[in-house]
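Participant: Guided by the hints, dock chain B onto chain A, whose structure is given.
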Amino acid sequence: MASIIDPKFKRGFWQDGEPFVWGTAAALSAILISITILIAVIMVNGLGVMWPSDVALLSLQDGAQVFGLPLREDPILGSDAINLQIKTGNRDLYGADFRWVEKGTVRAIEYPSDVYTLERMEYGNFYGRFKRLGDGAAPASSEDLEKAWQAGQEEKERIAAAAEEVNALSRRIDGISGRVLKLKHSGTPENDATLQGLLGEQETAKQELQGRMAEQSALTQALLAHTATFVDAGGREMTIPLMNIVRLYQPSQMGIGAKSRFYLSKIGELLFDEPRESNTEGGLFPAIFGTVMLTFLMSLLSFPLGLLAGIYLREYAREGIFIRIVRIAVNNLAGIPSIVYGIFGLGFFVYGIGGTIDAWFFPERLPTPTFGTGGILWASLTLGILTVPVVIVSTEEALGAIPRGIREGAYALGSTKFQTLVRVLLPMASPGIMTGFILAMARAAGEVAPLMITGVVKLAPTLPLDAEYPFLHLDRKFMHLGFHIFDIGFQSPNVEAAKPMVFVTTLLLVLIVLLMSSTAIYMRGRMRERYSVRSL
Amino acid sequence: MSEKYILRARRNDRIARWIITAGGVAIIATVILILVLIVEVTLPLFLPVGAEPLAEVSLPAQLRHEDVLLLDADEYMRDGLVLTRGGRCVFFDLKTGTVKHTENLAEDASRGEALACSRVGAQQYCMRWSSGLVTIVTPDFGLSEAENHGVAKPYAVEELQSIPASVEPGEIATSVARYTDEGLVTRVDLLANNTFRVAQRSVSTDLMGNESVEAYESLIDGLPGGVSAYTLDTQGEWLYAGTADGQLIRWDLGNLGSPKLVGAHKATEDNVPVTALEMVFGDVSVAVGTGSGKLTTWFPVRKTPEAVTKQLAPIHDLAPHDSAVTSILTSRRNKSLVSLGKDGSIHLDYPTSEQHLLSLSRAERVVKTGYTARGDGILALTEANRICVWRIDNPHPEISLSTLFGKVWYEGYDAPEYTWQSSASTDDFEPKISLVPLLYGSIKGTFYAMLYAIPLALFGAVYTSHFAQGRIRNVIKSTVETMAAIPSVVIGFLAALWLAPIIERYTVTFLLGIMIVPVLIVIFVMLIQPLRQRPFLKQVEQGFEFVLMVPVVLLACTLSYMLAGPLEALLFGGDLKQWLFESAGQRYDQRNCVVISFALGFAVIPIIFTIAEDALSNVPNSLKAASLALGASRWQTVWRVVLPSASPGIFAGIIIGFGRAVGETMIVLMATGNTPVLDMSIFNGMRTLSANIAVEIPEAPLGGTLYRVLFLSAVILLVFTSILNTMAELIRQRLRSKYGLNN
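Protein chains in written order, with numbering that gives the first Met the number 0: chain A, 0 to 535; chain B, 0 to 742.
These are calculated hints, taken from the structure and not from any lab test.
Take the hints with a grain of salt, since some may be wrong.
[What the hints assert, rightly or not] Ranges between beta-carbon positions, derived for each pair:
id: 1; chain 1: A; residue 1: E189; chain 2: B; residue 2: L400; range: 22 to 32 Å
id: 2; chain 1: A; residue 1: K205; chain 2: B; residue 2: G149; range: 35 to 45 Å
id: 3; chain 1: B; residue 1: L46; chain 2: A; residue 2: K183; range: 34 to 44 Å
id: 4; chain 1: B; residue 1: Y587; chain 2: A; residue 2: I32; range: 24 to 34 Å
For every residue, glycine included, the Cβ atom is placed at its ideal position computed from N, Cα and C.
Bound-form chain A, shown alone (with noise of 0.2 Å):
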C-alpha cells in the first residue's frame, strides 16, 4: 500500500532536517565564541597591565645577564625552538623596551629581592639594582635613596605650583593681547590711552613672565641636580635625576597587599592622571574627561530632538505617505556611514559656522581661526545629529508600547493630547526613553571617526572646562578614549611599548560602553515585560 504521507516529508532524522538545526546551532556558537574571545583578550591583556610583577634576572648561555619581564612565548617556524620576549625597559641603554631570546639559551631566571623597579618621566621603565646617591660619597641604603626620593617629590610640587604660576601668567598675557589685537583691528590709533595702558600693561607682565621663568627653571635645574646611579645586570651604572623618577618599588619585596595596594594606585593614576611620554604611560584623565563632556554635550542636542521626533512620529502625525517619508529619512540618518557625519560636520559646523562665526565675533584674529577650526562644539553636535535616531527609535517603541486603553482613558477625563502625553505617556515611557538615551550616549562615547576630522587631537593642553574665564570653552580642542586607542595605537612611534596602555584604554571604553548598553537592554526588558503583563 502508497504511504499517503508524501515522501519529502518522510521522518528520520536526515529527512526531517535535524542535522541543519545542528548546523544553526553551531553557527550561534560561533558568534558567541567569537564574543567571548573578544572580551576575554581584552580583559587578559587590559587587567594584568598594572601588576607590579616580579623583576627576574635572566642568565643566557652566552654568560650575559640581563633583568626583564618575561612576557610570552612564540614557537619559532619550523623548528622546535621556542622564542622568549622579554621586557628589559632601560631604552636609554638599550635603545628597545624589548628583546627576544630563544628559550634554549636562557640557562637560570631567578627573582632576586634587591631588584628596582623604576617608572620615569621618559625612556620607560628601568629595572636595576640601587648603587649610590648623587656622587656617591656617602654609601646609601635603599631607606636613603626612598626618603631622597620623597624629599625630591615634595620639591616637584613646589616646581609644579610654579609652573602654574607661569603658565597663568602666560594666560594673561594671551588674554591682554587678544584685547590689544580688538583694538588695534577696531582701527584705534596707536597713541591712543587705552591701548598704551594695555602694552605697558603686556610689557610689566611679560617681564614679571620672564623673572618666573627663570624662578622655575634655576628651581628645576636644582633638583635635577639630586641624582642617584643604578645599575643594570650586567654592570652598566646609569644615573637617573631623582625628580625624573615617577615610581620607584622593589616588587620582590611586595606581598599580596601591597602589591593590591599598588594595584590601586596605578588604577587611580590611571583615572585621574595626565598621560606621559607621548601617551603611552600615565593616566587617561584628559581622555576621559573629554569622552564624558563630549558625550554630555552630544546628549543636549540628540535628546530634545529625538525625543519631539519619536513624539511626533508616535502621537501626532497620521498614518500616510509624509510620515512613512519621515521614517526612511530616519532610517537613513541611521544607516549614514560616520563619516559622512564627520565631513559634514566639518563642512557645516566647522567651515560653514565657525567660518562665520569667526568672520563676526573675531576678525582680529584671522587667519586664526578660533571657531573655524574643529572644537569639542562641532564635534559634539556631529555626534548629537549622528545618535537622534537611536533616540527616536526608543521614543516611538517606548511609546508604542503602551496600550491604547490608557491614552483614551486620559481622553475621556477630558485631558488635552498634551496633557495625555506629558502626565499619563511620557511617565510611563519614561524607562524606554532612557533606553533610548544610554544607547546614544554608549554609540557616541564609542564612535571615532567623525571626531577625528571635527577636533579631536592626541594631546590637548587645555581642558574644555577649568577655572579661567569663561569656563566652560566650546572652541578647543578635545581627547578621547576612542581615538586615544587608534592613535597610541597606529601613530605612536613604539607600537610595541604602546600596547599595554592600548588595552588598557580599551577595557576602560569596552567597559563604560558595555556598562551603559548592558544598563540600557536591562532596562528596556524590565518594561517590555511591565507592558506585556499590563496588556494582558
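Facilitator: Structure of chain B alone, referenced to chain A:
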C-alpha cells in the same frame, strides 16, 4: 474647572503640537541638509571654466602688433607688459592701457634690436638680439607706497643671464636658452643650414669657494627634415624638435658636450609640419601643435614591459583647431595649456583629463596670446592692435567624470591606469584621483566581510528565533546586542594588533578551519544520531543544541591547528607566504582580507542578526502551528514556512548590514594597510572610500580639489547607503503591513 484653565490647556496643546511637528520635520530637513551641503561642496568640481572679460585696451605707446614679441601680466592681473622689437619692456595698466613704465633692455646699440622672445619659466623671458646675444630677463612689477608697507617699489627688469653667440649672428635662425640654479646654462641655436648648435656652460663652486667654468659646444646635424619648431625643458636637459614633415625628435643633452639622439617619431599624418612645441608644467609632457590644427601631448613611456629605454608616445589628444597651431603657452601652476590657432582662436585645454576647457575668439584675428604664470589670466593681442584680457576661473581642471571613474594615462606611467595618489612632495606633481581603486576596496572589504557574517548571522538568527529555548533566547539576543555596542575602534585595534599577527602566523590553520569546522559538525551530528533517545540529548534538543556545539567548534579549531603544520609542509613547502610569492607572485600583507573578513564581519553580524531575528520571530505563530500540525518537523516548518514569510525582512537585514560594512571606517582604517590597489587577492589589503576620507581630509586644504573630491566620495557613500536603507525600510514597511504588526 475654570474657563482660564481650559484655555491655557488648549493653548499649550497647540504650542506643543507646533513644536513637536517642527521636531519631526527637522529630521527630514536634516537628511536633506546633509545631502545638499555635501553636494554643494562637490559641485564646483564639475562647473565649466569661467572666463570673465576683464578689459580691452589699445596697445600702449602707439605700438603696432607686429612690434610685440611677448605679452604677459602680473600675478594680480593689474599690470600687463609687452616686450617689443625695439628691445623695450613696456609696463601698462591692464584696465586703462596707460603706460606706467618703459624700460630699455637694449642698453647700448651693440645689442641691436630684439628679434624674438619666448617664455622660459614663470615670468622669465628669453630674448634673442640681432647681435646674436641671448638674454634671460625677469620683470619686477612696481608697487605703490600703500601697497608695499609704505615703501614704493619701482618697475624694473632684471637681467638674469646673458649668453653671447659663438657663431656669426647671420647664421642663427632662432635660439632658446635655459639655466639652472646649479649653474648650468644651456643655449641651443637653430642655424640657417638646419643644424642645431648646443652650447653648455657649467659653473661649479668647490668647497674653497673657487669657481670653475666648463664650456661645451656641439653640433647636431643630419636632421631628417627641416626643423619647424623646437623647445627645451626648464633644466636644459632634453631638446625636442618638430620637423616640417611631421616628425618629433628628442635628444638627451644631459651628458654635457655630447647630445644623444633618443628617438624620432611620426607625430602627424600626411607629413603635416609640427608648428608649435612647448613643455607642459613638470617637464615630462611635451605639447605638440601641427599645421593641421591638431594638438597632442607626448611623454616617454616604456612601450613593452621589457623595454629598457622609454620612447615618446602620443598620450592625450586635445581639441583640434581649425587651422595651424601657431603657439602654445603653459601654466606654471598645473598642466593646463593655452594654444593659439592661425585663425585667431584661443583654446584652453587640460591634458590629464583631456578636457577642452574653453574657446575664446575675437572679431579681429588674434595674433599673439599671453598666459599668466598662475594660469588665471589669458591675454590676446589682435590685428587691430588691441589687447583683450580675460580672468580665468579654473580651479579644478583635472577633474572630470572620466578622470574620476575611468582609466587615465598619467605622466610617467606606461599605460592608462586607475590610480589614487592625491599628493606628493613636489609642486609639479600630477594628482591622480581615480575613485575606482577606492570603490573597489570598499566592495572587496564588504564582500569578504559579508562572506563571513551572512551565514553566521542568518543561521544564528534562525536558531535563536525558532529553536532556542525561550528564556535563553532573550539572553542570546541581549548578548548579541551588547556585541553591537562594542566600539568599532576597539574591533579595529584588536584586528590589527592582535588578530593580524595571529592570522599571519596561523594562516593555514584559519583556511583549514573554514573547511574542517563544517565537516566536523556533520560528523558529530552523525555520531550523536544513535544516541538521540538518551534523556540527556532529549533535553539538549529542547533548545540547548548550541551549548553542545561550542566544544565541537573548539575541537574543530584545535584539529585544524594540529593539521595545519603538516599540511603546510606537504602542500606549500612549509611556508605558505614563501610559496604564495614564488608560485603565484602574490604578496602576503599582514593586514589583509582575512583579517577584515573577521573584523568587519564581527561588526556587521549583530546588525544582520538582530533584524533577521526580528523578522523571523514576527512571523505569526498561526503559520508555524499550522505547519507543525500538518506533521512537518521543526526544521521543515522553519525552512519552508517561516523563512519564506520572513525572507523580505531577512533581506532587509542583509542590505542594512551591507550598508554598514561599506561605510565602516575605523576598522578598515586600522586593519587594512590602506594601500589603494586593485587586487582581489584575499592576502592583500585595500583602501576603502571611507578610510580614504579619514586618511586624507586632515591634509586637504579647504576648497581645494582634494577637499572636494573627498566630499564627492562622501556623497557616493551617502547616496549608496541611502538607496540601500530606503530599500530595506520599504521592504520592512510592507512586511509590517502584511502581518499587521505595529512596531
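Participant: Decide, hint by hint, whether the structure agrees.
Facilitator: Quick rundown of the hints versus the structure:
1. A/E189 to B/L400: 22 to 32 Å: 56 Å, violated
2. A/K205 to B/G149: 35 to 45 Å: At roughly 27 Å between Cβ atoms, B/G149 and A/K205 fall outside 35 to 45 Å, so the hint is violated.
3. B/L46 to A/K183: 34 to 44 Å: 39 Å, holds
4. B/Y587 to A/I32: 24 to 34 Å: With Cβ atoms ~26 Å apart, the hint holds.
Consistency note: the structure conflicts with the earlier hints numbered 1, 2.
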